[in-house]
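Residue numbers (the numbering used here), protein chains in the order written: chain U, -18 to 365; chain S, -18 to 365.
Among the clues, some could well be false.
Put simply, identical chains are the same to the list, so a pair is met inside one copy or across any two.
List of simulated lysine-lysine pairs, BS3-like, C-alpha gap at most 30 Å [what the hints assert, rightly or not]:
id, residue 1, residue 2
1, K23, K328
2, K27, K311
3, K27, K95
4, K23, K124
5, K276, K95
6, K124, K70
7, K149, K265
8, K0, K23
9, K11, K273
10, K23, K311
11, K95, K124
12, K23, K265
13, K265, K311
Treat the hints as calculated values from the structure; they're not laboratory data.
2 protein chains.
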Amino acid sequence: MGDRMIYFDNAATTFPKPKEVYDAIMEAMKEYGANPGRSGHKLALKMSREIYKTRELLAQLFNVSNPMNIIFTGNCTDSLNIVIKGLLKEGDHVITTSMEHNSVLRPLHALKKKGVDVTIVQADNMGRINPEDIRRSIKDNTKLIATTHVSNLTGTILPVEEIGKIAKDNGIYYLVDAAQSAGVYDIDVEKMNIDFLAFPGHKSLLGPQGTGGLYIREGIDVEEMKQGGTGSASHLLDQPHICPDRYESGTLNGPGIVGLGAGVNYILREGIERIRKHEIKLTKHFMEEVLKIDKVKVYGPLDIAEHGPVVAINILGADSSEVSYVLDEKYNIATRPGLHCAPLAHKTIGTLEEGVVRFSFGPFNTHEEIDIAIRAIKEITLEL
Amino acid sequence: MGDRMIYFDNAATTFPKPKEVYDAIMEAMKEYGANPGRSGHKLALKMSREIYKTRELLAQLFNVSNPMNIIFTGNCTDSLNIVIKGLLKEGDHVITTSMEHNSVLRPLHALKKKGVDVTIVQADNMGRINPEDIRRSIKDNTKLIATTHVSNLTGTILPVEEIGKIAKDNGIYYLVDAAQSAGVYDIDVEKMNIDFLAFPGHKSLLGPQGTGGLYIREGIDVEEMKQGGTGSASHLLDQPHICPDRYESGTLNGPGIVGLGAGVNYILREGIERIRKHEIKLTKHFMEEVLKIDKVKVYGPLDIAEHGPVVAINILGADSSEVSYVLDEKYNIATRPGLHCAPLAHKTIGTLEEGVVRFSFGPFNTHEEIDIAIRAIKEITLEL
């Protein structure tokens, strides 16, 4: 089924994964599928070691000096919730943007009801954030700035390095939601002054679903969201405070994390720049061609330098769900229609009512697939 | 590596899984590895449908009338935290037992500091709980009773049906931690008056790591632990309150859940009674034989009717870690030594200092493997 499909829904989850990811997961499940860090036998130790290797690979990718500061979670939403809920207390102020996903906005909205002060910096109608607007929003009690790196709706790249500098200059923590960037864009937590980096495992890092991660800068006290067995300090009823144990209660997704390691390994071997260039080339080609089609509206910045491999469009007069449905049914092209869990971003670009058709590209998409999609969109505009 | 091993660490995670579990996961990843419930294309819909099938299978197994009241989580610890944190507020009283895992005790310990009143009912030195002790602990403000079904340390089976009746008679919610029982013992949430059932996917349900679940009785308002994208009501900043969406923010572990479905399907087809009989027969044989060995101390009830497929032993005068190490290194037998994330249970049976060597059996263990282990234990007692 998946083979014949042209898959342009990589922003939701990448598909397919590199073969070595599948192989690594199967090997982990069949050969050493034990519980890491709970027992001391060979299989458990092997699983622990392999999980640690993934920590090391992620640390290498993001320039994190101590792999133990990388925490494994179930998805990026878990990671974002841990920081947002564990750091912000009543009376604290947090700055975020109108381009955020509900995984940032909804936890903040819940905290707002508990006395956390939230400022949402408005993007322009291309989804661009002016760092100066963030600087101007800082108050005495500002504890956190939380922004996405690349918008999941418009593909707009946010100026994380500038924002990180503003955060650092003002002694404020910086949380980056790398849901759409980890594995495609260079992320250096030191250079960018990122204190918390939340990332999914199953998107551009090419790991399986059921994996995510969080970097927490050493020495920052973030309360854990859950407590439980950690395999460490088992005699105590208090949750241990050592990292990553504090945040990794319960059995980890061992084989999934091993698969994530294989994905990161693939990226490091192929080169993140090469992957990015490929995806951006496809994005550029798609944007250039789709802009030539009458009745097509493209959202977000038109300059590819400001643009990740995510393109939102609409065919004027047509419902996004209908367009996406026809692309799927008639052309075997997978896209995502409607709202994209980012209500304020839709409001920002003026599509809260109609939604958009989102095309998102991955490392295994081809130039030819883009051409097929362009022809399909042309035909649809003529037929509707 | 796994092939040659005699794996007696099934209480930590079952290994191996039925072949159809591996196959289902691989098919999901390779053939329709899309994001369920986020897009509307064929691959996403296929993933959604397959995930729903797992909900249905679990509902069938636990006699849950509406599959939408089954929530998927990352592990049993997640599930327990959701209920404990989402239900109990300052001033509430909760009753639990000394046989609980840290996944129950640690969240309760954290809530205690926030003004939740916690009563821990003491088990006898076999790990047995007298339901009358629970009844006697009820206060006007008792909101929840939380107990395990089968102890992960001693294998002691707790009288969940009696406790469920006490809870119901007194209008108190009942949370069962089925970490060691789901997939081996009959669980009927109606008959047993269970309001919340927390279970791991990767233990006796034979699914992969990275899966867990929670049943919440319809109509009970449990606050969600995290907020985020749910693919539903995307225009709203408020977390939707419909089940399971409220508790399933972020991308689910699609292929993992499909694998869990294959595991449950295996259990339903083979028959849970047949699996239980097999495991209990092995347990009985192991206990009978190990009790004959000089210098071996067995913990927990000696009557197999009170005993799940988990046996804790010590060799007098030997450290549990050393015994487990020799079993692993010399005999290729995987067990778990030391403390088992259940400090009060260790205190109850008097092993908080020395720990125990835990043997836990699964559906793929054999009579012959038990005999090999018995011979190994004999040899070790003679050598030490």
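Evaluated hints:
1. K23 x K328: between (54 Å within a copy, 28 Å between copies)
2. K27 x K311: between (47 Å within a copy, 17 Å between copies)
3. K27 x K95: Classified as neither; 44 Å inside a copy, 39 Å across copies.
4. K23 x K124: This pair counts as neither: shortest intra-copy Cα distance 45 Å, inter-copy 44 Å.
5. K276 x K95: neither (46 Å within a copy, 58 Å between copies)
6. K124 x K70: both (9 Å within a copy, 27 Å between copies)
7. K149 x K265: neither (34 Å within a copy, 63 Å between copies)
8. K0 x K23: So K0 and K23 pass the 30 Å test inside a copy (26 Å) and across (22 Å) alike.
9. K11 x K273: neither (51 Å within a copy, 35 Å between copies)
10. K23 x K311: between (52 Å within a copy, 11 Å between copies)
11. K95 x K124: both (16 Å within a copy, 23 Å between copies)
12. K23 x K265: Between copies, since 27 Å is at most 30 Å while 50 Å is not.
13. K265 x K311: Close inside one copy (25 Å), not across copies (61 Å); limit 30 Å.
Against the hints set out earlier in the document, violations occur for numbers 3, 4, 5, 7, 9.
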